[in-house]
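J.: Protein chains in written order, with this note's numbering: chain W, 1 to 794; chain C, 1 to 794.
Quick caveat, the hints were computed from the structure, so don't treat them as lab data.
This structure is a prediction, so every number in the text was calculated from the model and none was measured.
Hints are supplied without guarantee of correctness; some may be wrong.
Heads up, the list lumps identical chains together, so a pair's fine if it works in one copy or across two of them.
Claimed, not checked - Computed cross-link-like contacts, DSSO-like style, restricted to lysine-lysine with a CA-CA straight-line distance of at most 30 Å:
{"hint": "1", "residue 1": "K85", "residue 2": "K607"}
{"hint": "2", "residue 1": "K100", "residue 2": "K208"}
{"hint": "3", "residue 1": "K85", "residue 2": "K596"}
{"hint": "4", "residue 1": "K100", "residue 2": "K144"}
{"hint": "5", "residue 1": "K405", "residue 2": "K85"}
{"hint": "6", "residue 1": "K208", "residue 2": "K85"}
{"hint": "7", "residue 1": "K208", "residue 2": "K607"}
{"hint": "8", "residue 1": "K100", "residue 2": "K270"}
{"hint": "9", "residue 1": "K270", "residue 2": "K217"}
{"hint": "10", "residue 1": "K596", "residue 2": "K208"}
{"hint": "11", "residue 1": "K412", "residue 2": "K85"}
{"hint": "12", "residue 1": "K100", "residue 2": "K217"}
{"hint": "13", "residue 1": "K270", "residue 2": "K208"}
{"hint": "14", "residue 1": "K645", "residue 2": "K208"}
As a plain string of letters, each chain reads:
Protein chains: 2
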Amino acid sequence: MKIRPTASAIPRHRFPVDPWRLVETSFDHHDMGTTETLFANGNGYIGMRANPSEGREAYTHGTYLNGFHETWPIHHAESAVAFAKTGQTIVNVPDAKLLKLYVDDEPLLLREADLDFYERAISFRSGRSYRELIWRTPAGKRVKVRSERMISLVHRHVAVLRFEVTLLDDSAPVVVSSQLLNRQDGEDEYHVKSAALGEGMDPRQARKFDRRVLVPKLQRHDPDLGQGGEVTLGYQCVNSRMTIACAYRHQLETANAWEVETEVDEDLAKSVFTIRAEPEAPITITKFVTYHTSRGIPAPELADRCNRTIDRACSTGVAALYAEQEAWLDEYWDHSDIVIEGDDAAQQAVRWNLFQLAQASARTHEQGVSAKAVTGGGYDGHYFWDTEAYVVPFLSYANPEAARKLLRFRWKMLDDARVRASELSQRGALYPWRTINGEEASAYYAAGTAQYHINASIAYAIESYESATDDQDFMAQEGAEILVETARLWEDLGFYSNHGDRTFHIHGVTGPDEYTTVVNDNLYTNVMARFNLRYATTVIRRLRQQSPEAYQALVRNTGLEEIEVDRWERAADAMFLAYDEELGINPQDADFLDLKPWDFANTPSAKYPLLLHFHPLVIYRHQVLKQADVVLAMVLRGNAFTRDKRRRNFDYYDPLTTGDSSLSACIQSIAAADAGYPDLAADYFNQSLYLDLADTHGNTADGVHVANAGGVWAAIVRGFAGMNDHDGCLAFEPRLPSFWHSVRFRLLRHGQRVEVTVSGNECDVTVLSDGPVPVRLDGDVRTIGRGETVHIRA
Amino acid sequence: MKIRPTASAIPRHRFPVDPWRLVETSFDHHDMGTTETLFANGNGYIGMRANPSEGREAYTHGTYLNGFHETWPIHHAESAVAFAKTGQTIVNVPDAKLLKLYVDDEPLLLREADLDFYERAISFRSGRSYRELIWRTPAGKRVKVRSERMISLVHRHVAVLRFEVTLLDDSAPVVVSSQLLNRQDGEDEYHVKSAALGEGMDPRQARKFDRRVLVPKLQRHDPDLGQGGEVTLGYQCVNSRMTIACAYRHQLETANAWEVETEVDEDLAKSVFTIRAEPEAPITITKFVTYHTSRGIPAPELADRCNRTIDRACSTGVAALYAEQEAWLDEYWDHSDIVIEGDDAAQQAVRWNLFQLAQASARTHEQGVSAKAVTGGGYDGHYFWDTEAYVVPFLSYANPEAARKLLRFRWKMLDDARVRASELSQRGALYPWRTINGEEASAYYAAGTAQYHINASIAYAIESYESATDDQDFMAQEGAEILVETARLWEDLGFYSNHGDRTFHIHGVTGPDEYTTVVNDNLYTNVMARFNLRYATTVIRRLRQQSPEAYQALVRNTGLEEIEVDRWERAADAMFLAYDEELGINPQDADFLDLKPWDFANTPSAKYPLLLHFHPLVIYRHQVLKQADVVLAMVLRGNAFTRDKRRRNFDYYDPLTTGDSSLSACIQSIAAADAGYPDLAADYFNQSLYLDLADTHGNTADGVHVANAGGVWAAIVRGFAGMNDHDGCLAFEPRLPSFWHSVRFRLLRHGQRVEVTVSGNECDVTVLSDGPVPVRLDGDVRTIGRGETVHIRA
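Chain W extracted, bound-state conformation (with noise of 0.2 Å):
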């Protein structure tokens, strides 16, 4: 894989490292895309990027709701039977975020200003992003100014943003036009050049309208609502028929005479502060922002619902409302911090992507996590498999109650995902490769629909969780039905071998590999199918056994046969799995071994990513992988191949990935760790850690890779620590890259507390709560209650 500079590609006299906040100690217009990335708030579902409160130039003046989406109809350049219909794209929902700032009718523009201070950061702790400035205006009066930001973690329809403002010199007037914008274009503002490439040449940006897309529906004022009144307005969406209302409401604190305006026009509501203001006397402004969307109630309905949301933010206030941020980030920390000792810089860049996944979890309330969560309109807000595979495993041992939210939300979806089957031609359920409102909206079917094992990531999301929580009543019902409907394609897709051995093989699919598409049993799509046939065998046999009333449920509602489980269960067992004797591995696909080797030493840095610089028959026809999907298979099968097995696959598919996915990384790392490379590990976890941080893929500025964050979690708990959770007890097998002293994590297990300690080859397991907790020693499972520690020695 492609090794690229890290942590070192850091500027740290800007980025100074400090293990619970992100800091920025000055303005640098080149990485604007990566910076408001990377100082984003959100909660799941509000999502504003870390634009300045002057809007002006920006890479993406973004503020997302997740879900709320406008649709279009996909016209395919050449069409054919049952390609996907609806485009679906996140839309960058009216602007709160602006507060701008006149002194003596002089705006503040960050990128001109004479600035005598400047920092900016986002806090893990208390869950609020602050920048502060001292501008000397051009008149030459210094002014302090200070904005923050939070996006509630408990109150999902919550923004707070203050602004603060302090003449240090002399008297000045003061205007403050705090505004809700309705950007249908962006061409109202200056934008940075987009890093890179042909427009529409990269399938990871998102679409972008030439139309309108929000119809305005209302607009509101009630002048007697803190000071400048309330403003609402409301929209509806020119095809999906989604609405959308927002709303602000200002509280002024200061001790300068003032006066306000407020103007509200259809797509620009403005509240215009005008200060006579004193030196020392500072100016506070807190704006109360909400949003609520639906896929249909009139925008009035939404537009109430938006009022009485500030109507209880504006009477809990402000300082209630940061110790609820706190104490909710106090808990999430509480079950899933992981402390690297001695290491400040690797500790803030872990605790960065914990970070990212509460704010792309707390509040997602049975919508999904898109691969960008709020972030950004990357991959046009689309939900992936990558949530099911890499994020709810994470969620499972920290947040249970967020994990089962996002599973339901797949639950939800199986009417359209039965839909799609039918539509390929088979039984039980596809989910679609990407997707916002469950249609299928992946426009490329060879490195889309074909990638059939999202049905299986989403069962093996379901194991995690049964695994973690042992939430019954769950699987019952949801994890049940699940599990009926995907073992079901997977046994209708695939078929018996005519030849004498009637292994069952599973043909033309993509897997998670996307550089060669539509093969012959794909090894990480058998394997994952098989798990997921046998998965729900047992799942659904237990149920009938268990659970008579469930079943006879899941019946009505599935038409499920007995019969049908057995067939899972013949066809899991027949499951073709290739091996070559020769050399030792476990073929891709029928076919990989056959194919042209990769000139590697040809290939210069910049043609990386590949898909971007080769067409992808070029690259289907090569031995060159964007991620292995073998060594994926061992990561999440580890059980189904020998050690020996894992390694000599490992051996020989690492050095043929290229890593042009953000999801390659952390899988190698946790594979290398397993294999007995722990410098190598090391090397991929890096790459896996600072891949946001760093921007090594270049386009960070599109969003926060959230799928890595959890892959962050897993390379260390999956793989350092070498954790996992089967048979109903955990295990370990610690292996600790040996830069690091030692490092601890705690998780969330059947509700109970658990803390690790990794150091080198040895763990220590102790229980924080009541326990008991089964914990694997030495072959035999050690029940262990509070306070208890047992050590483990690999």
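Starting from the known structure of chain W, arrange chain C on it as the hints suggest.
T.: Just chain C now, with coordinates in the frame of chain W:
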């Protein structure tokens, strides 16, 4: 293969058998689309669909000029590197066919008219079509109307339309409005419904523009020429910048009093003849029409050309133009006729197909022959590989100059093909899968660009042309250069396996069978690539030896190095052709034998063609063929397979072949004949023979399947007569199905006219010109001269 009703499906009361004409005895608007195609006129440059002179109702009002196209940017729903960028669509140009008739101010409208008599025919001997009818007007007057059309097979730019009106009973005012109408979107006329399918879902239909394509550039009216004056209109395509001018002039002959008024607007010119017609006094209007097009010459210059063309045509006169047309066809039939003894229906059908080949190729003048020639807008007017694989071999023996022009057309496209190869990271040249202007226009690479085999089909056409003509001038220049660049591509595309045998493999390609795509070691591709490499080797080595100057010129043009030729030979010798010992067959590709069988028994007729009813992924993972490409390889490169293997392959693949491709039936017929299945060969031959005449694929309305017409010839000459022309010598293996007594056909070979009469398992080969002609007889080569006949018994 699905066997569809053929001759028996043709309603003989409407379409009586006639060995030299296609005749229709009554009008039916239900099959207007089909008859518009079947009775269309064309000369390879101009094509006019057989729309009524009255305009109004039509499936498509179509006039096409070979190569005259508009471009548009292809928007890929999800794009990638080097995807085709330029959409190209043949333009429906201004319609000169219109001669609208009014008697007593009542229009003749075919669908509503009270007709005493109706006959329409196109003659394969005169090269003209006519329609004659007796109309009983609403006032009860009988009017005889005869309209005639001819597009000159001699003069590329000339069409002649004649319109004859005779009142049979009473006098009446007669108006004939002769028009030149630029239809921009067809909205000004009625359309009958397209037979099938959702809009845009059938990739075989033409793109419909939703905007103006032709910008008016010029309107001329010279009132002094002919009657009503000469009118010229000029246009330019919005995007492609191609220009067109078209003109008409009339000659009116009648004893009646008349006057004429001509109006010229941007999109409509009309000359309205008003005649005080007396009974039995014929009115004859001759409309000379011309079209000129160019890549960008200004419209006024094209208009001048039009005026000169019409001048010449008028001074030549109708009688002489008709005589030239007949003379041209006399020669054509003299070189290419096929006489079916005792089966007039088949005779008519065979001649109709051969006539289509004449109309498709007579005046292409270094344009290609598109899939529908100039008879319809199907496939957007694109040129494909089938011209080289199916049409050029026929022309090489019937009209070698036309064959040469088609090959020069590919030679002139070499620079574009070099660029395309380089976009695909390959050396040499890669011909576009579908194109008009030389750039790849296939928006679905899996069934488009991946069909690298188009390179080999061009080499195959060159070989056919060389065998038939021995044109060494062509071989030394155009032929050699194409062979160098196509061979280069193959050698660079493939690679030597790392396994012990060091065989040469070609991966990631699509064969002619589009029901599997992007496969490895497609047998057809490997067989044809091997041929291409070997043929290039032979031709280049011979050139080096025999024509050092030409060789040096080639080296200058291509940078050819001697070592390359050795490398081609080595690759050809090492070419991997898979063979399955157990089945005794050649697998279609590396994975084909492992695919899941298709459930033919449960696929109802209505689900064909499969491509319109199943997602590609479903089709691709099954053992089901659109056309059998291993079989095609055996037909094109029979020597590469033993007879036993040919038969085994046929036995294996035939039952898996849906024949959803119109290119399938003729090949299955040849292979069945070769395999010793005369009855099956006859069935397939009928599928091919009546494919358009019985509209067996349901889309003849979109234009003639020209390649299939070439296939009809091949099925007789290559299939029933078992002719081949290897090693400088004709050979035959006659095997005429028993339902025919005998078949006699003509060839032009190395300038010599040859006649072959096949009967059962015997044939006579007679030389009609001076000779000598070498013919293989019982293993020896017999050289025969004028009037000599050899008798061959299989």
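J.: Within, between, both or neither: how does the pair K412, K85 come out at a Cα-Cα threshold of 30 Å?
T.: Cα proximity of K412 and K85: one copy only (21 Å, versus 40 Å across).
J.: Can you tell me if K208 and K607 fall within 30 Å by alpha carbon in one copy, between copies, both or neither?
T.: within (26 Å within a copy, 38 Å between copies)
J.: When no copy is named, should K270 and K217 be tagged within, between, both, or neither for a Cα gap of at most 30 Å?
T.: So K270 and K217 pass the 30 Å test inside one copy only (18 Å; across, 53 Å).
J.: Is the C-alpha distance from K100 to K208 at most 30 Å within one copy, between copies, in both cases, or in neither?
T.: within (26 Å within a copy, 50 Å between copies)
J.: My question is about K100 and K270: at a cut-off of 30 Å on alpha-carbon distance, are they close within one copy, between copies, both, or neither?
T.: Cα proximity of K100 and K270: one copy only (10 Å, versus 66 Å across).
J.: First find the shortest C-alpha distance between K85 and K596 inside one copy, then the shortest across copies, and answer within, between, both or neither for a cut-off of 30 Å.
T.: between (35 Å within a copy, 28 Å between copies)
J.: Is it within, between, both, or neither for K645 and K208, if the alpha carbons may be no more than 30 Å apart?
T.: neither (46 Å within a copy, 56 Å between copies)
J.: Have a look at K100 and K144 and pick one of within, between, both or neither, based on CA distance no larger than 30 Å.
T.: So K100 and K144 pass the 30 Å test inside one copy only (14 Å; across, 84 Å).
J.: From the Cα coordinates, with 30 Å as the cut-off, is the pair K596 and K208 best called within, between, both, or neither?
T.: For K596 and K208, the Cα distance exceeds 30 Å both inside one copy (38 Å) and across copies (42 Å).
J.: Pop the pair K270 and K208 into one bin, within, between, both or neither, using alpha-carbon distances up to 30 Å.
T.: Close inside one copy (26 Å), not across copies (47 Å); limit 30 Å.
J.: My question is about K100 and K217: at a cut-off of 30 Å on alpha-carbon distance, are they close within one copy, between copies, both, or neither?
T.: Within one copy, since 26 Å is at most 30 Å while 54 Å is not.
J.: Are the CA atoms of K405 and K85 at most 30 Å apart within a copy, between copies, both, or neither?
T.: Classified as within: same-chain Cα gap 28 Å, cross-chain 43 Å, threshold 30 Å.
Against the hints set out earlier in the document, violations occur for numbers 10, 14.
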